Amino acid sequence: MYNHEQIEKKWQKYWEENETFKVGIDKNKKRFYMLVEFPYPSGVGLHVGHGRVYTASDVQARFKKARGYNVLFPMGWDAFGAPAEQYAIKNHIHPSEAVKENIEVFKGQMKSLGLSIDWSREFSTTDPEYYKLTQKQFLEFYKAGLAYKAEKEINWCPNCKMGLSNEDAQGGVCERCGTETTKKLKNQWVLKMSKYADKLIDGLDDTDFLDKVKTAQINWIGKSIGASVNFPIQDTEDCLEVFTTRCDTLFGVTFMVISPEHPYIEKYKDRINNLEEIRKYQEQAAHKSEIERTDNTKEKTGVVLQGLKAINPVNNQEIPIWVSDYVLSTYGTGAIMAVPAHDDRDYEFAKKFNIPMIQVLEEETGQKKENETKKNSIVAVLYDDQSNQYLTINWHENGGRLLIGGTIKEKETPLECAIREIKEETGYTNFELVKEGFKINHHYYAYNKNQYFNIECTTFLFKLNSMDQQAQQLDNDEKFDIEWVSKDVIEREIKDELHQKAFQYVTSSNAMIGDGIHIHSDFINGLNKEDAIHKMLHFLEKNQIGKQQVNYRLQDWIFSRQRFWGEPIPMIHCDDCGWVPVPDEELPVVLPNVQAYEPTDTGESPLANITDWVNVLCPKCGKQAKRETDTMPNWAGSSWYWLRYMDPHNENEIASKEALDYFGKVDLYDGGMEHATRHLLYARFWNIFLHEQGFVPNSEPFLRRISHGMILGPNGDKMSKSKGNVVNPNDMIKAYGADALRTYEMFIGDYSKDAAWNESGLRGCHKFLNRVWNLQNKLNDNLGYTKKLETIIHKTIKKVTEDIDRLDYNTAVSALMILLNEYEKEKSITKEDYRIIIQLLNPFAPHITEEINEICSLGDLLCNTPWPVYDSNKVIEETYEMVVQVNGKVRGKVEVERDTSKEDMEKLALDIENVKNHIEGKEISKVIVVPKKLVNIVVK
RNA sequence: ACCAGCCUGGCGGAAUGGUAGACGCGAUGGACUCAAAAUCCAUUGGUAGUAAUAUCGUGAGGGUUCAAGUCCCUUGGCUGGUACCA
1 MYNHEQIEKK
11 WQKYWEENET
21 FKVGIDKNKK
31 RFYMLVEFPY
41 PSGVGLHVGH
51 GRVYTASDVQ
61 ARFKKARGYN
71 VLFPMGWDAF
81 GAPAEQYAIK
91 NHIHPSEAVK
101 ENIEVFKGQM
111 KSLGLSIDWS
121 REFSTTDPEY
131 YKLTQKQFLE
141 FYKAGLAYKA
151 EKEINWCPNC
161 KMGLSNEDAQ
171 GGVCERCGTE
181 TTKKLKNQWV
191 LKMSKYADKL
201 IDGLDDTDFL
211 DKVKTAQINW
221 IGKSIGASVN
231 FPIQDTEDCL
241 EVFTTRCDTL
251 FGVTFMVISP
261 EHPYIEKYKD
271 RINNLEEIRK
281 YQEQAAHKSE
291 IERTDNTKEK
301 TGVVLQGLKA
311 INPVNNQEIP
321 IWVSDYVLST
331 YGTGAIMAVP
341 AHDDRDYEFA
351 KKFNIPMIQV
361 LEEETGQKKE
371 NETKKNSIVA
381 VLYDDQSNQY
391 LTINWHENGG
401 RLLIGGTIKE
411 KETPLECAIR
421 EIKEETGYTN
431 FELVKEGFKI
441 NHHYYAYNKN
451 QYFNIECTTF
461 LFKLNSMDQQ
471 AQQLDNDEKF
481 DIEWVSKDVI
491 EREIKDELHQ
501 KAFQYVTSSN
511 AMIGDGIHIH
521 SDFINGLNKE
531 DAIHKMLHFL
541 EKNQIGKQQV
551 NYRLQDWIFS
561 RQRFWGEPIP
571 MIHCDDCGWV
581 PVPDEELPVV
591 LPNVQAYEPT
601 DTGESPLANI
611 TDWVNVLCPK
621 CGKQAKRETD
631 TMPNWAGSSW
641 YWLRYMDPHN
651 ENEIASKEAL
661 DYFGKVDLYD
671 GGMEHATRHL
681 LYARFWNIFL
691 HEQGFVPNSE
701 PFLRRISHGM
711 ILGPNGDKMS
721 KSKGNVVNPN
731 DMIKAYGADA
741 LRTYEMFIGD
751 YSKDAAWNES
761 GLRGCHKFLN
771 RVWNLQNKLN
781 DNLGYTKKLE
791 TIIHKTIKKV
801 TEDIDRLDYN
811 TAVSALMILL
821 NEYEKEKSIT
831 KEDYRIIIQL
841 LNPFAPHITE
851 EINEICSLGD
861 LLCNTPWPVY
871 DSNKVIEETY
881 EMVVQVNGKV
891 RGKVEVERDT
901 SKEDMEKLAL
911 DIENVKNHIE
921 GKEISKVIVV
931 PKKLVNIVVK
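So for the first sequence, our numbering puts the first residue at 1; every next one is plus one.
Just so you know, not all the hints are guaranteed correct.
Unchecked claim - Restraint ranges, calculated between C-beta atoms of paired labels, are given here: (1) V938 - S814: 50 to 60 Å; (2) G724 - G761: 17 to 27 Å; (3) E151 - G761: 52 to 62 Å; (4) N18 - N777: 29 to 39 Å; (5) K100 - G724: 23 to 33 Å; (6) W395 - S508: 18 to 28 Å; (7) D468 - D270: 58 to 68 Å; (8) E290 - A735: 39 to 49 Å.
Keep in mind that the hints were calculated from the coordinates and are not lab data. Computed from a predicted model, the values in this text were never measured in an experiment. Note that CB positions come from ideal geometry on N, CA and C, so glycine has one too.
Start from the sequences, fold in the hints, and give me the full structure.
Here it is as structure tokens:
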């Protein structure tokens with residue numbers, strides 16, 4: 001058994017003393033930038049989940065180094081944030097003290113994992129030298145007109161006197177103290193990120209992010225192309241402006257909805273007759289989070305605005321205005337036109353409040369033909385709630401199973417027709433109407449009349465009250481059975497498109513959101529959705545009612561936080577000059593060293609209480625002025641840190657031009673899926689801006705983005721302190737060594753997926769390394785590879801190389817285990833054999849492999865040795881196992897030469913005893929031969 | 001509710017449309033030992049059979065194909081993210 005403690009210390013010391021992983025600009029070498037999201041150094045320390053991520057990055061870094069790249073693999077600390085501030089409030093120490101301690105713990109843990117990090121590039125976002133540059137970059141945003149002050153709502157806890165994130169205010173309750181939160185308007189700094197929405201979408205083309213990451217970003221930005229339409233408010237000069245992606249449904253608008261925060265409520269409060277009711281509703285909405293308001297499982301709420309009406313500009317219809325919290329003030333104009341027939345949310349709202357619907361789009365079924373005869377018809381569904389069955393008509397071979405259908409006669413309403421048809425065809429007499437579904441536009445051909453028809457079909461659902469039945473009144477040619485069947489049978493057996501669709505409409509409670517042709521829509525009647533949108537847009541613009549508009553979900557970035565432990569925003573407010581940037585030479589604006597960090601009653605940052613810090617002279621006019629006391633969000637420091645690693649000790653700029661040009665962009669960026677939208681978008685936005693200002697050479701900062709899975713506790717739950725299932729890497733390293741821990745964390749499963757911790761698995765990897773160690777006893781003096789092992793060695797080199805490239809770490813380790821198994825079957829192995837396995841294993845288990853290499857004098861230090869290459873001629877086996885199938889089932893296997901011909905393969909296959917048994921007495925209809933693989937004999 | 005992803009033995013997980021379960025853990029039996037640990041050897045998806053072999057089997061139901069864990073449709077469950085986005 002090897003002594004891991006001693007070996008690991010030895011090699012970690014060696015790497016540190018020899019600066020093995022220190023990297024500089026070397027223009028003769030290709031560079032590779034491996035970045036992993038830097039951690040927030042909490043008091044808890046690393047857990048094995050971090051270990052997985054850092055190990056994987058380290059494997060990649062060591063591998064790329066061996067392949068000849070100049071590898072930049074840095075680490076730093078994202079150390080601003082609330083936990084350190086809370087700690088400071090409690091203990092009356094400066095947060096930087098807590099941060100310093102935590103960093104030491106984290107760094108110690110990382111070092112004991114044996115990571116090949118260039119520690120000379122380490123920094124923390126809380127270093128004044130670093131945040132000086134963060135402040136400088138903020139001022140660049142300000143100078144470019146991209147930073148502005150605006151009134152924005154925050155979640156506010158009246159007890160903690162603190163602004164809260166949505167996350168901390170979940171369920172309208174402060175996470176810290178349980179007090180009900182309110183909303184508070186604050187004047188805040190905002191970055192104009194929305195201006196970059198299109199650039200953030202287009203820039204994705206220059207990246208190699210995982211598809212799901214790209215999708216997440218595109219959905220977050222939420223670009224939609226539509227129209228803004230103005231609905232005049234009756235007896236006022238004002239219009240209610242709405243954004244819609246479906247201006248083709250304007251003729252189906254039956255009401256308007258505005259958000260509870262809409263300014264018109266204030267503006268027209270004197271004309272609103274039920275203001276008290278509205279106020280009450282606003283109050284309720286204020287306590288709900290956007291997530292609650294946007295939860296579609298909850299019932300819709302709302303109040304109609306009495307005293308104000310809107311006018312539909314396309315037909316001058318007067319329509320009511322409702323107030324409801326399903327409309328958000330933060331998206332679009334905070335007001336919508338509601339088309340209940342063609343929008344699910346409006347549909348649900350209209351149903352709850354009994355607001356009428358107008359269907360303006362009919363789905364088309366069947367094939368459209370020339371010379372169609374027009375007809376009106378019905379399809380009716382009769383439901384029996386006693387048996388939970390529906391009535392069908394079974395025509396057997398003359399048309400299969402259908403619902404009740406028929407043509408509307410002259411002077412008959414569709415409803416009258418439906419009732420008549422049910423009575424005539426089925427004889428049932430006692431039933432009542434439940435609902436009328438959407439109309440369908442159907443095309444079909446009637447064989448008996450040799451004619452094409454186009455029908456407008458109205459759909460109905462009736463409920464049976466009793467089984468009373470008269471004799472049916474049928475024509476002579478009507479031969480069918482009436483049958484009660486379940487929903488299941490209907491969905492399976494009714495093949496007719498019209499009847500299928502009709503059944504769907506009357507039994508589901510959704511709006512009709514698909515495409516079709518327009519009805520009841522004046523000048524767009526008969527057009528499909530796309531054409532109707534075009535024509536409507538044209539109409540809106542011509543009549544100055546509205547215009548085409550692009551809308552984004554992406555909002556501007558609120559950049560203010562009312563906290564102490566963040567980068568001070570370097571602005572000074574002067575009563576005469578307004579907002580004035582802190583002059584360059586006075587940066588950084590450093591956080592003062594004080595005794596108390598409690599927040600203020602007014603919701604301002606604790607900095608506001610430190611008067612000798614706040615009061616300054618205006619840089620412009622020299623009069624008394626005040627510093628901005630808000631600080632930057634946590635996301636600020638992480639929005640450019642990868643640039644700093646390129647030249648971390650540069651005092652004046654982000655990094656030197658030389659370093660920026662050489663290291664360029666991050667090649668591989670590893671982080672969690674939870675950062676796929678916010679952090680990654682902020683970082684890209686920041687970088688695109690810096691590029692436009694000429695500070696950095698690339699517009700996109702990251703080439704490839706991958707996401708890793710979590711390590712779950714042994715019980716499959718997320719690891720957390722409160723669940724008591726956190727596994728500390730220190731304990732594992734002590735018991736089994738860093739190499740075993742690293743190997744296990746790579747072997748545990750697919751790197752992109754979550755995996756549950758299992759210490760037995762770790763023991764297995766420890767055993768594996770020990771067996772590799774014990775190969776020392778098998779060395780012989782022969783040269784070269786052992787002949788018998790040659791193929792498997794080359795195959796393993798290929799497999800491990802490709803797997804690391806693909807991030808398939810688990811199968812790479814497994815390939816090495818297989819190689820070891822083969823070695824162990826041999827009586828003895830050569831030094832070359834031994835050297836190759838430890839070389840391939842080195843990125844995973846760097847300490848023990850280096851030690852074996854030294855003890856057995858196998859060659860140069862592994863950390864300085866190029867990655868092995870395989871000989872593609874030696875990867876292929878001489879023979880292979882040919883599989884023989886009969887009708888796709890394996891019936892035999894036979895070992896054959898590599899280059900056996902198709903004919904011979906077939907012959908050999910037919911010669912197998914078991915295969916003969918399975919084809920005996922049957923006719924061979926086909927033989928499929930896949931060279932170097934299998935033969936499949938198809939028999940009848 | 002929406003978006004994304006996932007679902008394979010007792011467990012973690014392998015499988016360019018071509019032998020399902022590589023590799024590891026665990027379990028069972030055996031060797032070594034006074035004994036245990038460690039180590040080594042053998043077996044290990046279910047069912048039937050001494051065996052050869054047969055049969056079932058990748059959440060469920062359909063489909064495409066000579067051949068489906070893999071592709072298509074429908075559906076259930078789990079996880080993550082979120083925004084009723086008009």
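Structure-based check of each hint:
no., hint, result
1, V938 - S814: 50 to 60 Å, "36 Å, violated"
2, G724 - G761: 17 to 27 Å, "21 Å, holds"
3, E151 - G761: 52 to 62 Å, "55 Å, holds"
4, N18 - N777: 29 to 39 Å, "30 Å, holds"
5, K100 - G724: 23 to 33 Å, "28 Å, holds"
6, W395 - S508: 18 to 28 Å, "26 Å, holds"
7, D468 - D270: 58 to 68 Å, "60 Å, holds"
8, E290 - A735: 39 to 49 Å, "47 Å, holds"
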